[in-house]
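Those sequence lines, one after another, are chains A, B and C. Quick note, in my numbering, the first sequence goes up one by one and the last residue is 564. Quick note, in my numbering, the second sequence goes up one by one and the last residue is 180. Quick note, in my numbering, the third sequence goes up one by one and the last residue is 177.
Check the hints yourself; a few may be wrong.
Pairs of lysine to aspartate or glutamate residues, derived as DMTMM-like cross-links and limited to a Cα-Cα distance of at most 25 Å, are as follows [stated by the list, open to error]: (1) A/K383 to A/E309; (2) B/K151 to A/E309; (3) B/K151 to A/E556.
Not the full set, but computed from the structure, chain A residues with beta-carbon under 10 Å of chain B [said to hold, decoys possible]: (4) K251; (5) A350; (6) R351; (7) L354; (8) D400; (9) G419; (10) A424; (11) N431; (12) F442; (13) Q444; (14) Y448; (15) V460; (16) G463.
Treat the hints as calculated values from the structure; they're not laboratory data. Even for Gly, the Cβ is constructed at its ideal location relative to N, Cα and C.
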Amino acid sequence: MRKTFVICFLMICISVSFSSCLKAANDPISKTEFLLGTICSVKIYDRSDKSILEKVFDEIKRIESMISTSIKSSEISEINRNSGIKAVEVSLEVLGLIKRGLEFSVISGGIFNIAIGPLVDLWGIGTPDARVPLPEEIEETIPLLDYRDVEIDEAKRLVFLKKTGMSLDLGGIAKGYIADRIEQVLWDNGVSSAIVNLGGNVYAHGSKNGNEEWKIGIQDPFSQRNQYFAIYRTKNESIVSSGVYERFFEQDGVVYHHIFDSTTGYPVVTKLQSVTITGQNSETADALSTIVFSLGIEKGSEFLEGFPDYEAIFVDEDKKIYLTQKMMDLTEITNESYQVEIYD
Amino acid sequence: MIKRQWMVGDFKIKRADLIILAILIILSIVPLFLSANEALANNDIYAVIYVDAQKYKEIKLGEGVSLEFVIEDKDVRNVIVVEGNEIYMSSSSCHDQICVKQGIISKPGQSIVCLPNRIYIEIIGKEVTPVDDISR
Amino acid sequence: MTYHARTRTLALMALFSAQGIVLHIIESYIPIPFIIPGAKLGLANIVTVSALYVLSPVKVLGVIIVRVLLSSIFAGTMITFAYSMAGAVLSYAMMLLLKSILRDKVGLIGISCTGAVFHNIGQLLVASIMIGSIRIISYLPFLSLAGIITGIFVGIASHYLVMSTKRFQAKVNI
């Protein structure tokens with residue numbers, strides 16, 4: 221009889237301590253820092269070694285120091301300073317990035333434009349000097365936005381901006397590229413379950429806790445930061461959203477957002493509030509989000525057909541969601557005030 | 045009086061069984077009242093303040109809480125106010141004042157950011173978060 | 004125990020474990036609309052309850068451990084293992100306690116329903132630790148009432164299983 225009680229007591233103790241251990245094992249380690257002009261956070265679920273987080277953030281800082289336009293010693297800043305003057309030698313890594321940025325510029329007919337620097341500086345969106353430029357200022361700036369004036373010498377690793385006053389801005393693929401690099405760092409360090417969020421650019425690495433899907437919320441363009449209208453379930457994928465709500469300013473009752481049309485010099489006129497692109501490669505998803513947003517629903521989804529492994533979720537100003545049946549199956553709409561329309 | 049045992053076929057149901065069943069049913073129903081009572085509900089929400097990427101303070105929000113923090117360092121001066129379940133940036137030395145304009149936050153997931161002064165306030169609840177992260 | 008008796012007991016334990024695993028796998032195909040991984044009807048309890056009347060307590064524990072371990076390997080993840088283990092162990096502890104205290108006064112239905120309810124309590128306790136919020140206990144009423152109903156069925160099924168096992172043992176003269 222006594223033996224029975226002892227056994228029972230021991231078993232209860234075992235179950236309690238067992239679950240506490242598992243809880244500790246299940247909590248992710250995470251780190252958040254102000255980088256790239258925004259908030260970057262990384263959560264690792266299947267390793268408890270904090271030095272891996274350090275390695276990830278070191279990688280972010282390393283790349284930032286090479287491509288950021290706000291860091292005067294970066295390679296991009298060097299290229300921009302020498303616009304119209306001379307070609308600048310760059311590292312293989314930056315050369316590759318610029319090349320791919322140019323490729324996106326070419327296939328999108330300039331909608332994605334790595335030479336958009338002067339326009340971004342003129343409007344100053346995201347800085348305290350944000351303002352609506354005068355028409356003359358815009359007219360003067362437009363000729364400096366031609367990506368075809370970016371010359372690359374691959375053999376010698378040289379980049380030359382032909383006209384003075386031109387400048388490169390890789391903001392449209394920077395976060396995507398960094399996320400792809402972080403993916404490599406994570407794999408190299410044996411991590412197979414992590415979430416990376418670079419200023420809203422999400423990369424879901426591997427799967428959650430063994431084999432579960434990640435649940436990624438999609439920002440509600442009509443609500444506050446971190447309010448989502450839908451949950452997208454996935455494994456090992458990048459989720460990038462572009463929208464009017466990200467960076468904007470208001471002047472005289474008109475809202476000016478940060479996605480520009482280099483042919484007009486003004487923010488893209490669109491009925492869309494946001495576009496969310498999903499796909500394997502973060503850099504591609506990043507570029508696509510800008511392109512597809514600018515193109516609108518019809519042309520955007522047509523353009524996307526050239527990228528079979530990438531999907532989109534559109535939200536227009538009437539709170540209507542457009543997505544394919546395939547995406548609908550993976551998405552749960554949590555905000556009832558939205559309507560859904562499924563297209564092919 | 046309840047019989048000591050019944051037979052159903054060759055299966056015995058004992059009086060003790062019925063008593064136990066009754067106890068178990070009552071035991072199961074109890075939590076219904078408790079959670080309706082919110083006595084077991086864990087409604088704790090916390091505001092976490094990060095300064096320069098380091099966790100600076102974690103404050104439990106709730107009725108009766110009334111606090112004011114001044115974060116001061118060189119040319120940074122931000123004042124954070126906590127009033128009950130709400131927290132907001134009442135003043136900031138930054139030029140764009142976006143953090144002040146963001147107003148009051150009170151629900152888990154909401155946040156206030158002062159990028160120039162590198163201050164970040166986030167509200168978290170110790171509950172199941174339905175999502176692992178949010179794409180913006 | 005004689006050599007033969009030990010072997011037979013071992014075989015019986017293995018049989019029970021196997022039955023438990025099969026029952027677990029079958030019932031994992033029945034969807035339960037709750038968020039707790041591992042929440043299920045509790046059919047595998049038929050095996051636990053039966054074993055309780057046929058084998059000694061420690062051996063039944065062995066059966067349970069083997070059953071939970073292999074079930075999670077075949078039809079679950081580390082997480083379902085944690086929840087199943089916690090539930091199974093707590094429910095066994097309570098069933099054992101009840102049987103030891105009340106002995107003949109309690110029938111199989113009382114035992115199996117107790118087992119079902121405490122299995123759920125165990126799982127919810129683990130869930131509340133994992134999730135960090137005790138609010139999850141609000142699922143208890145629904146899970147338990149469903150468990151009690153299954154428990155009645157489990158008790159009846161166990162009765163017949165125990166009877167046929169004992170009849171078999173008598174025939175083979177164990």
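Next on the checklist: Quick check on the hint: A/K251 CB to chain B CB, less than 10 Å?
Outcome noted: 8 Å, holds
Checklist entry - Regarding the hint that A/V460 lies at the interface with chain B, is the smallest CB-CB distance below 10 Å? => result Check passed: Cβ of A/V460 comes within 7 Å of chain B, closer than 10 Å.
Checklist entry - Should the interface hint for A/G463 be scored as holding, given a Cβ-Cβ cut-off of 10 Å against chain B? => result 8 Å, holds
Checklist entry - Under the criterion of a CB-CB separation shorter than 10 Å, is A/Y448 in contact with chain B as hinted? => result Holds. Min distance 5 Å.
Checklist entry - Taking 10 Å as the limit, does the beta-carbon of A/A350 come near enough to a beta-carbon in chain B? => result 9 Å, holds
Checklist entry - For the hint on A/F442, does the least C-beta distance to chain B fall short of 10 Å? => result Result: violated, 13 Å to nearest chain B Cβ.
Next on the checklist: Less than 10 Å between beta-carbons is the criterion; does A/D400 satisfy it with respect to chain B?
Outcome noted: With a closest approach of 16 Å, the A/D400 hint is violated.
Item to check | Hint consistency between A/K383 and A/E309 [alpha-carbon to alpha-carbon, up to 25 Å] | outcome: 17 Å, holds
Checklist entry - Taking 10 Å as the limit, does the beta-carbon of A/Q444 come near enough to a beta-carbon in chain B? => result 6 Å, holds
Checklist entry - Taking 25 Å as the top limit, are the C-alpha atoms of B/K151 and A/E309 close enough? => result Violated - the C-alpha atoms of A/E309 and B/K151 are around 50 Å apart, more than 25 Å.
Checklist entry - With 10 Å as the cut and Cβ atoms as the points, is A/A424 at the interface with chain B? => result Constraint on A/A424 satisfied, holds at 7 Å.
Checklist entry - Hey, does the A/R351 contact hint survive, CB to chain B under 10 Å? => result This hint is violated: A/R351 lies away from chain B, its Cβ roughly 13 Å from the closest one there, beyond 10 Å.
In the structure shown, a violation is registered for the earlier hints numbered 2, 6, 7, 8, 11 and 12, in ascending order.
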